[in-house]
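Student: Protein chains in written order, with the working numbering: chain A, 1 to 278; chain B, 1 to 278; chain C, 1 to 278; chain D, 1 to 278.
Some hints could be false.
Repeated chains share a single entry, so a pair holds when one copy, or any two copies, can fit it.
As the list claims (entries may be wrong) - Quick list of in silico lysine-lysine cross-link-like pairs, DSBU-like style, CA-CA up to 35 angstroms:
(1) Lys157 - Lys277
(2) Lys61 - Lys112
(3) Lys277 - Lys35
(4) Lys277 - Lys112
(5) Lys112 - Lys157
(6) Lys61 - Lys277
(7) Lys35 - Lys112
(8) Lys61 - Lys157
(9) Lys35 - Lys157
The hints are simulated quantities; they were obtained by calculation from the structure and are not laboratory data. Keep in mind it's a predicted model, so treat the numbers as computed, not measured.
4 protein chains.
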Amino acid sequence: VNAPERILPDIQAQIDHRSMAINRVGVKSMLHPLKVSSATGEIVHTVAHADMYVGLPPDQKGTHMSRFVEILQDFDGAIDHPGMHALMLAMLQRLEARSGWIELRFPYFIRKAAPVSGLSSLLDYHVTMRAQMDRDASDLSFLSGSPSANGFQLTVKVQVPVTSLCPCSKEISDYGAHNQRSHVTITAELSAPVSLEELVGMAEDEASCELYGLLKRQDEKYVTERAYDNPKFVEDLVRDVAGRLDADDRVRAYVVESENFESIHNHSAYALIENHKH
Amino acid sequence: VNAPERILPDIQAQIDHRSMAINRVGVKSMLHPLKVSSATGEIVHTVAHADMYVGLPPDQKGTHMSRFVEILQDFDGAIDHPGMHALMLAMLQRLEARSGWIELRFPYFIRKAAPVSGLSSLLDYHVTMRAQMDRDASDLSFLSGSPSANGFQLTVKVQVPVTSLCPCSKEISDYGAHNQRSHVTITAELSAPVSLEELVGMAEDEASCELYGLLKRQDEKYVTERAYDNPKFVEDLVRDVAGRLDADDRVRAYVVESENFESIHNHSAYALIENHKH
Amino acid sequence: VNAPERILPDIQAQIDHRSMAINRVGVKSMLHPLKVSSATGEIVHTVAHADMYVGLPPDQKGTHMSRFVEILQDFDGAIDHPGMHALMLAMLQRLEARSGWIELRFPYFIRKAAPVSGLSSLLDYHVTMRAQMDRDASDLSFLSGSPSANGFQLTVKVQVPVTSLCPCSKEISDYGAHNQRSHVTITAELSAPVSLEELVGMAEDEASCELYGLLKRQDEKYVTERAYDNPKFVEDLVRDVAGRLDADDRVRAYVVESENFESIHNHSAYALIENHKH
Amino acid sequence: VNAPERILPDIQAQIDHRSMAINRVGVKSMLHPLKVSSATGEIVHTVAHADMYVGLPPDQKGTHMSRFVEILQDFDGAIDHPGMHALMLAMLQRLEARSGWIELRFPYFIRKAAPVSGLSSLLDYHVTMRAQMDRDASDLSFLSGSPSANGFQLTVKVQVPVTSLCPCSKEISDYGAHNQRSHVTITAELSAPVSLEELVGMAEDEASCELYGLLKRQDEKYVTERAYDNPKFVEDLVRDVAGRLDADDRVRAYVVESENFESIHNHSAYALIENHKH
Chain A
1 VNAPERILPD IQAQIDHRSM AINRVGVKSM LHPLKVSSAT GEIVHTVAHA DMYVGLPPDQ
61 KGTHMSRFVE ILQDFDGAID HPGMHALMLA MLQRLEARSG WIELRFPYFI RKAAPVSGLS
121 SLLDYHVTMR AQMDRDASDL SFLSGSPSAN GFQLTVKVQV PVTSLCPCSK EISDYGAHNQ
181 RSHVTITAEL SAPVSLEELV GMAEDEASCE LYGLLKRQDE KYVTERAYDN PKFVEDLVRD
241 VAGRLDADDR VRAYVVESEN FESIHNHSAY ALIENHKH
Chain B
1 VNAPERILPD IQAQIDHRSM AINRVGVKSM LHPLKVSSAT GEIVHTVAHA DMYVGLPPDQ
61 KGTHMSRFVE ILQDFDGAID HPGMHALMLA MLQRLEARSG WIELRFPYFI RKAAPVSGLS
121 SLLDYHVTMR AQMDRDASDL SFLSGSPSAN GFQLTVKVQV PVTSLCPCSK EISDYGAHNQ
181 RSHVTITAEL SAPVSLEELV GMAEDEASCE LYGLLKRQDE KYVTERAYDN PKFVEDLVRD
241 VAGRLDADDR VRAYVVESEN FESIHNHSAY ALIENHKH
Chain C
1 VNAPERILPD IQAQIDHRSM AINRVGVKSM LHPLKVSSAT GEIVHTVAHA DMYVGLPPDQ
61 KGTHMSRFVE ILQDFDGAID HPGMHALMLA MLQRLEARSG WIELRFPYFI RKAAPVSGLS
121 SLLDYHVTMR AQMDRDASDL SFLSGSPSAN GFQLTVKVQV PVTSLCPCSK EISDYGAHNQ
181 RSHVTITAEL SAPVSLEELV GMAEDEASCE LYGLLKRQDE KYVTERAYDN PKFVEDLVRD
241 VAGRLDADDR VRAYVVESEN FESIHNHSAY ALIENHKH
Chain D
1 VNAPERILPD IQAQIDHRSM AINRVGVKSM LHPLKVSSAT GEIVHTVAHA DMYVGLPPDQ
61 KGTHMSRFVE ILQDFDGAID HPGMHALMLA MLQRLEARSG WIELRFPYFI RKAAPVSGLS
121 SLLDYHVTMR AQMDRDASDL SFLSGSPSAN GFQLTVKVQV PVTSLCPCSK EISDYGAHNQ
181 RSHVTITAEL SAPVSLEELV GMAEDEASCE LYGLLKRQDE KYVTERAYDN PKFVEDLVRD
241 VAGRLDADDR VRAYVVESEN FESIHNHSAY ALIENHKH
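Bound-form chain A, shown alone (with noise of 0.2 angstroms):
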């Protein structure tokens, strides 16, 4: 902190007097490089808009807006279930908050191996991780504390491409079947750590068939003639989904979502089912 800091006012640490709290406030769609640990532990390298925000008392009339942009450019760890918990910690602390609220969003790849061929390729995956936190007054445990406990929740959200072919179009048709790229996308809030990779599985494993970046001809035989095999509405991909999540102790509460970008239509056909296990 030099001179010209010193003497200049600061406005926002002035007492407010419209007695309203604010529930978050910080900054929206940062862009940074991020580093996110994949299942094996193998470093993947992407670019994330960051929202980063703390609640702010009643009687404060603003929040130090710099600080925001010096935790997440400080941060060199990378990203998973601990990593978030590190980086909503420094939040509070730097800007002395009982509440926070942290979005990443980000493209992250998984590699893959063709079907028949076996050649590997990357897939690209739309992630959002978003971690809240709203510690108790009196308890000061919190900066020991796990990221399970203390009132720190993680969600996750994936959105994951895949094919899906119309069960309806193959039963009435007397040859082919409309079929088209959906988003299947999983929204979870995590009791402990599921990778990225077993959320992404679980929506491929349910669908049609699962994309891949890269296929040779025998590959594109099996890809077409398995999605043929497999017909899925959009109300059986968020069914069959909706069934791994449930069965799974990790996740406590879910979204699951499919949009079909109808290649018979100019809009989507949609389905959604959510659950809150407690």
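Please build the complex by placing chains B, C and D on the supplied structure of chain A, with the hints as guidance.
Tutor: Showing chains B, C and D alone in chain A's frame:
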């Protein structure tokens, strides 16, 4: 219903054995021309992205997607509080459903007079109208009911572009102050009709200055000085708009957000207040 | 022009000493309600993003931004070939400019009958109409000229959503074939009016199958089988549409593109043919 | 190449009888992690949308889509002028093509020091690198050629977010001046390497003020006063940046644009200068 339809199997109507209800299923992002009622009863022509969903019971395999399209295309009323109610009832009846969700997202236009010259021009606002209905299994009165009863709930969201001018920048600088376009967004669950114009006005009145499509030089002088005389942090914007919504009995619950597209950074400042009044 | 305007200095009208002409200057992405003429003369209400620019001579410091807004707001005709010409002349006169550029981007709706049931529904298309004019310094006849002369040039771009079905997938698979939504985009520089419906038809006729807003089961059977009977690579789509545009004397130059949102990948297949006929 | 591939028919390799060349065909919007070389040789990790196309001769039915994916996935160099050349040669050889087009769109990060406190932070810029190559049928030397010869052309586009402050608003108002975030975009066809940092610097130097990720109070005072001391119309921005590009011999042709997201309107002010120097 003609001959070919009768003989093709109806896969969607089959029994489903997973015993899993679907919260929402239907069509998403259907682009459709729409008429909206203004506060003065005038018609504003616009184009909407429409999402229309119903709840699906555990034993039903699929919904009938084409019926959603028919309902929207057959609707030729204007969109407002009773219009959304009418559209909801038409959907629930045609789909034989107990719960429904309709969301319309569209640009809306309001004619404004420039502050000094009085010259008239349109300004555009992004509006979302979302209706939800969940009617009790034993309650058959819903067909004759009014929009304000029987489990019908309307939420209106308006995104209002305004000018915000930074109080800190004004205070610490010898001259000038950074200012920028901001989006103040009000999401209000209504117990009685509130016009789009009223909601927009609440946001514009509390900004550093409101925006206009058309400004002559004398108007530009006015808005420049008005913003400088009226500096607001992102925190001030949400607190002052929240005060307006707190005071309005027709608003049952609300979220107010402000996103300031900072002219000195490449990210936004953001704040949110949410209040469920009951 | 009232008193305050007279006494405020007009900075934009000052002399600029950098001796550098500006190709295009004006307003961009102004959202505005618009009427568009259909092939049958009916009015389609829509909402457009409008860009309006003029060329600025080397010695002029700035243009007058508010005049562009006035011209668009005062225009109450319908958009078509002569409508674009009228709007251009109004802009050039009001801005005292020798060259201009107007681009309108809007969704457009065409009513279509389902292929078997005959049921009627709207389909939406993204349209761009771009007018350019560059009139010779010595030619004063432009005010009385027709749209087809005096340096006026109209380019129409239609993005047409269709179904494409992969010939390779069909050939190598024992059953089924992957298919998907594709965007066929025609950008045509016109020497005589061609309706939006005609341009859309060229793309739809050459696709594996066209799309519809509303399809009953017998229609869904038809479009499924039609696409399977009519497989097309992305290369076939652009070649077959290019053939149609080559044969039309009203089209002076064109670009035809197809982007297939592959149902087996998370990226697109794409092709482009461009032809300047002169 | 294993057994199954050999016996599946190769539809794409068949003869096409429409006698119509295709200008560009390949894959579009493939999301892929990428390394970019900075001016100082450091590696910046980012994620790119990649388009990769080749020209297709009139007699060939289709291209081989999977090869584009293989080339991109196999490329493990860093993206810069020679990197783009290497990627282009790899594509032309593998696809046996005479012409090609590669476009990579990605966020790029530059570390900057705040103007008074000197605090360091990253700022993000949207970059497009586009390589085109069209080699003469008789010229077999291209494989050993340098990037600056043999029909290889590199175009670099940087979108630089800056502050613009309106000279008219400053002049006519008793205090204050409206200012806003603007995007200055330089699209430069290069005859010799120019770093991204140099292009970004040309835009930032000529703005009312440049942006920073992190500013302390003394920095905020500086940028506020700097913008007020340095007002620029959208016309001034493009003229002053064009002057810089005119003076640089490594730039063969350019387009410079500025879009000002006006803080007093809900649309943009925009200007463009284009210059082909030869």
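Student: Each of the hints needs a verdict: does it hold here or not?
Tutor: Now for the hints, and whether the structure bears them out:
1. Lys157 - Lys277: both (17 angstroms within a copy, 30 angstroms between copies)
2. Lys61 - Lys112: Result: close only across copies, 30 angstroms inter versus 51 angstroms intra.
3. Lys277 - Lys35: within (32 angstroms within a copy, 42 angstroms between copies)
4. Lys277 - Lys112: within (32 angstroms within a copy, 46 angstroms between copies)
5. Lys112 - Lys157: both (20 angstroms within a copy, 33 angstroms between copies)
6. Lys61 - Lys277: Classified as between; 24 angstroms across copies, 39 angstroms inside a copy.
7. Lys35 - Lys112: Both ways: lysine 35 and lysine 112 sit 20 angstroms apart in one copy and 21 angstroms across, limit 35 angstroms.
8. Lys61 - Lys157: both (33 angstroms within a copy, 26 angstroms between copies)
9. Lys35 - Lys157: both (17 angstroms within a copy, 26 angstroms between copies)
Every hint, counting from the list given before, is met by this structure.
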